[in-house]
Amino acid sequence: MRCSRRDIVSTLASDTDQLVARERATRQPIRRSFGEGGWLRLRPVLLAIAFPLALLAFWHFATVSRPASLIPPPYDVWQELEDLAFGGINDDAYSRTLHIHLLASMSRVYGGFAMALFVALPLGMLIGRVRLVRELVDPTIQILRPIPVTAWLPLAMIIFGIGPRSAIFLVFLGAFYPILVNTIFGVRAVEPRLFEAASMLGCTGSAQFFRVVLPAALPSIFTGLRLGLGFSWVVIVVGEMTGVQTGLGAIIMEARQLSRTEIVISGMIVIGVFGFLSDQLIMLLGKRLLAWSPSHG
Amino acid sequence: MAEVPILQMHNLGKTFAQNGRAIEALRGANLSVRKGEFICLIGASGCGKSTLLRLAAGFEIPTTGEALMWGMPIAGPGPSRGMVFQDYGLFPWLTVRDNVGFGPRSRGRPKQEIKETTERFIELVGLQNFADVYPHQLSGGMKQRVAIARVLASDAELVLMDEPFGALDAMTRERLQDELVELWSRSGLTVLFVTHAIEEAIFLADRVVVMSPGPGRIDSEYAIDLKRPRDIASRDFNEWRRLLASKLHSHHARKAG
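Just so you know, the sequences run in chain order L and G. Going by my numbering, the first residue of the first sequence is number 1, and it counts up by one from there. Going by my numbering, the first residue of the second sequence is number 1001, and it counts up by one from there.
No false leads were mixed into what you were given.
Simulated coverage check for chain G against chain L, where a stretch passes if three residues somewhere in it have a Cβ under 8 angstroms from a Cβ of chain L: (1) 1083–1095; (2) 1099–1109.
From the derived model, a few chain L residues whose C-beta atoms are all more than 12 angstroms from chain G: (3) Ala-85; (4) Leu-123; (5) Arg-131; (6) Met-268; (7) Phe-274; (8) Leu-281.
Simulated from the structure, these hints should not be mistaken for laboratory data. We put the beta carbon where it would ideally sit given N, CA and C, even for glycine.
Sequences and hints are given; from them, build the entire structure.
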C-alpha cells in the first residue's frame, strides 16, 4: 500500500503547484471582465465620497441665505480657504498666510514627534528587555501615563514659557506614550520559539536583539508610531491655543475671538487633511517595511 | 578502538518547577546514538520524549546525569544540533531564502558561500520557485521543508525533530516522510525523531525507543530490521505495529490502574 500510495501522490499536483494554480485562479476573473473589476475598484471611492457629500448638502441647506446663522455656509468657508491659501478675495491680515501657519504647525508636530521617537524607542526597548530598567522606570511611567496631555499645558507654560516650546513639549508627550507602550509590548511579546531557533542556528547574545527582537517587534512599534503621530496632530491645536502667534491652532483660537467662524472651520479642515495625509504616508512606509506580515502587507 | 557515539545520555533526568511543585519530566535516561542512525522516540504524552529532545538540543539543562555529543558535554544550543519544531519556528519577517541563510549568516560566513549554501538547500527541498516568498504565504508542508533546509544549511550533524509532521494533513505527511528517508539515506545525517504515531516510527527508524510516562523514562528499545524502502502493508510491518501498539497500550493501562 505504501508503494501504491506513492503513485497516488505523484499523480496529484504537488502542493506547490496547487498554490500557484490557486493564485492564478484568483487573478484571472479580474483580468477577464475589466468592466466589473473597474466598478469593484470604484465602489469604495464612491461610497467614501457619498457620506461627506450628504453632510455637505445638509450643511449648505441649513446655513445658506440665513444671515442670523452662526455657522457660515460651505461656500463661504471654501472662499476663505482659498483666500487663506492664495489671497485675492478678502485681502485682510489672514490672506495668504496659510503656508506660514501650516509650516509652523507641521514643524512642531514632526519636531515633537521626532523627539518622542528618539526617547520612547530606546526607552521602550530597554524597559521591555532589561529587567532592572523595567523595575526602575515602569511604575513611574504607569502613574504618569493617565495624566491627560492637556493637563500638562499649564505646567508646560510655567516651565517652557509662553511660546512654541510648550506646544512642542505637548506634542512630545502626546506621541511619547503610544510609541513607548507599543514598543514595550512589541519587544516583550516575541515568541520564545524564535529565540530557540536563533540560538540553535548560532545567533546568540546581543545579535539576537537585532536579528530577532527588533524585526519581531516592528509591527507593534509601527502601530505605536501611527497612533503617536495621529495624537501629535490632536495635541498641536491645544498646544498652539495659548500664546503662540503662528500655527493652525493659533489662528483657530484667534479667529474665534474675532467671530471669523469661516477661518475656524478652514483651519479645522486643513488639520484634518494634513493629519490624514501624514497618516497615509506612514501607512505607505509600513506597507513597505511589513510586507512579510499577513496583517500589514 | 571503540567508535565514539555522536550522542550519549547517561542517567539523564530533568525536573521542572511549576507553581512551586517539582515535576519530574524525565528520569534516568540512558541512550547512545551512532552517527548516521535514524532513531524514533515514541510514547504517550507526558513520557518525556520532548524533554529528552530539548536536552539534546541544549534548550534545557539536565537536573541529573549528562548529555554528550562526540563525548563533549552539551552546554547549550548550537548549530551542530538542529531542531525542527512542530510549529516550524520560522522567522516570519524573512523570506524562504533568508530563513535558510540565517544560520550561515549568523556564523559570519562569506557572502558568496552563504548564497551557494542557501541555493543548494532550497533546491534540495524543492522550493526554488518560492525562494523569495514569506512564510505566511506557504502551506504547512512547505514551511516544514524550509525548517529542514534551514537546519541542514546550518551544518547540523544531528537533526532533532519534535513531531515535525504532526500538524500536517495525511497526504503531505506521507510525502515528507518519504522525502526525509531519501534525504537521510543520501546525506549520512543522524536523526532523532519524536513522534506519537507508531506507523511513522516503524516506517522511519533504524531503532525505536519506547518511552513511558509518570515519570518519563526510557522503557525499551527495538531495532527495526525491515529493509528499505519499507512497505507499510507488509506482514512484517504489521507485526512490528502490533508489538509496539501492545507495548504502548500497556503504559496506558498501567497509568489508569
